[in-house]
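**Q** Chain by chain, the residues:
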Amino acid sequence: MDDEEDGVSVAAEGPTPLEMLLSGADARAVKDCVEALDAGPKQAIALAFYQGLSHSELARHLKQPLGTVKSWVRRGLERLRACLDELGVKR
Amino acid sequence: MNLHAPGRADALAAEYVLGTLRGRARSRFERLARSDPLLAEAVRQWEERLIPLAQELPSVAPPARVWQAIVKRTHGSTRGAREARRRPSLWTNLSLWRGLALAGLASAFVLAVALFTPAPERPEGTLVVVLAAQDAKPALVASADRTGRVLTVKALAPVELAGDRALELWALPDGGNPRSLGLVSASGVVRLALPRSADEALRNVPALAVSLEPSGGSPTGLPTGPVLYSGPVPRLY
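As you go down the protein sequences, you meet chains A and B in turn. Numbering (this note's numbering) for the first sequence: 1 to 91. Numbering (this note's numbering) for the second sequence: 1001 to 1237.
Just so you know, these hints were derived from the structure itself, not from any lab. Possibly wrong hints are sitting among the right ones.
Each pair of labels, with its calculated beta carbon distance range [stated by the list, open to error]:
no.: 1; chain 1: B; residue 1: Pro1158; chain 2: A; residue 2: Glu35; range: 45 to 55 Å
no.: 2; chain 1: A; residue 1: Glu86; chain 2: B; residue 2: Thr1224; range: 25 to 35 Å
no.: 3; chain 1: A; residue 1: Ser56; chain 2: B; residue 2: Asn1204; range: 17 to 27 Å
no.: 4; chain 1: A; residue 1: Ala36; chain 2: B; residue 2: Leu1222; range: 44 to 54 Å
no.: 5; chain 1: A; residue 1: Ala36; chain 2: B; residue 2: Ala1162; range: 21 to 31 Å
no.: 6; chain 1: A; residue 1: Thr68; chain 2: B; residue 2: Gly1221; range: 40 to 50 Å
no.: 7; chain 1: B; residue 1: Arg1022; chain 2: A; residue 2: Ala82; range: 18 to 28 Å
no.: 8; chain 1: A; residue 1: Glu35; chain 2: B; residue 2: Arg1165; range: 34 to 44 Å
no.: 9; chain 1: B; residue 1: Leu1161; chain 2: A; residue 2: Glu35; range: 27 to 37 Å
no.: 10; chain 1: B; residue 1: Asp1036; chain 2: A; residue 2: Glu78; range: 14 to 24 Å
no.: 11; chain 1: A; residue 1: Asp85; chain 2: B; residue 2: Arg1022; range: 25 to 35 Å
C-beta atoms are modelled at their ideal positions from N, C-alpha and C, and glycine is treated no differently.
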């Protein structure tokens, strides 16, 4: 179908969606910074963000005390911010 | 809630955006953020930091026919085709393709994150669908254990809805009518019960979509309002 082919060619010729919407660096930076987190904080943040888990659900899921996952989340977010700020300065 | 301790406002904004700030603390925070520009700015900055998590990844382009199929399935083939002819710009709309591509990219990345995240209780993996608006902005993330019967749907950024309107989530099966999965929240997290395991319930379902409906959901069992968001259901091979 013509219409469909038009759409495909637009998508193929233009810059990638990422390049248009974000500076690619931002998205890469977030990914790199998340990957740089320790395993516990990384897992807690990923589950909270992608699965919508609460602190107590995280504690159950990860089989850790509530205080531990709360501190993983807090520490993970602090490190994420510090990491992004650092990359932001270099950019 | 003491916002004046150093770093406290920022920490709360972070957990608000992440979604771990819940219940009364969340409502109180929202109220404060409405009248406190610094707090609102902290929220905006954290949204900027975290939302790219739902966007970055290597290229996995969704099939160009996905949107066409959505229009057809949600409005009936005749009307869909007629509307498509009347509005050819839909098919050449750059932001549409950008949106579909981004949604595909986003779900692939989400999947990548889900895969590199050890999750001992989920040996089968997680199914994640990112639902994006036509302007390519991811709006909702639906996720489920492939073997589980709970679909968690999370709004990435709150959507303003009139009081008499609701968002309804639909499975768009290959060659069948849209099937309602339930109502989803415009601002928080909702868990929907699936009739079967996510893998089975979403087999032959290439995409999910969210339509705007009267409060209480569509009275007809089929979408009656506009499709606001849609996203491809990723397949694991």
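**Q** Can you let me know if the beta-carbon spacing of Arg1022 of chain B and Ala82 of chain A is within 18 to 28 Å?
**A** holds, 25 Å
**Q** Is the hinted range of 25 to 35 Å satisfied by the C-beta distance from Glu86 of chain A to Thr1224 of chain B?
**A** Given a distance of about 50 Å, which is not inside 25 to 35 Å, the answer is violated.
**Q** Check the following: the C-beta atoms of Pro1158 of chain B and Glu35 of chain A are separated by a distance inside 45 to 55 Å.
**A** Cβ of Pro1158 of chain B to Cβ of Glu35 of chain A: about 28 Å, so the range 45 to 55 Å is violated.
**Q** Do Leu1161 of chain B and Glu35 of chain A keep their Cβ atoms within the hinted range of 27 to 37 Å?
**A** holds, 36 Å
**Q** Glu35 of chain A and Arg1165 of chain B, beta-carbon distance inside 34 to 44 Å?
**A** holds, 39 Å
**Q** Evaluate the given range 44 to 54 Å for the C-beta pair formed by Ala36 of chain A and Leu1222 of chain B.
**A** Taking Cβ atoms as reference, Ala36 of chain A and Leu1222 of chain B lie about 47 Å apart, which means the hint holds.
**Q** Do Asp85 of chain A and Arg1022 of chain B keep their Cβ atoms within the hinted range of 25 to 35 Å?
**A** About 27 Å separates the Cβ atoms of Asp85 of chain A and Arg1022 of chain B, which means 25 to 35 Å holds.
**Q** Between Thr68 of chain A and Gly1221 of chain B, is the Cβ distance one that fits in 40 to 50 Å?
**A** Because 46 Å falls inside the window, the suggested range holds.
**Q** Within 17 to 27 Å: is that where the Cβ-Cβ distance between Ser56 of chain A and Asn1204 of chain B falls?
**A** violated, 36 Å
**Q** That 14 to 24 Å hint for Asp1036 of chain B and Glu78 of chain A (C-beta), does it hold up?
**A** holds, 21 Å
**Q** Could you tell me whether the CB distance from Ala36 of chain A to Ala1162 of chain B stays inside 21 to 31 Å?
**A** violated, 43 Å
Of the hints listed earlier, those the structure fails to meet are numbers 1, 2, 3 and 5, in rising order.
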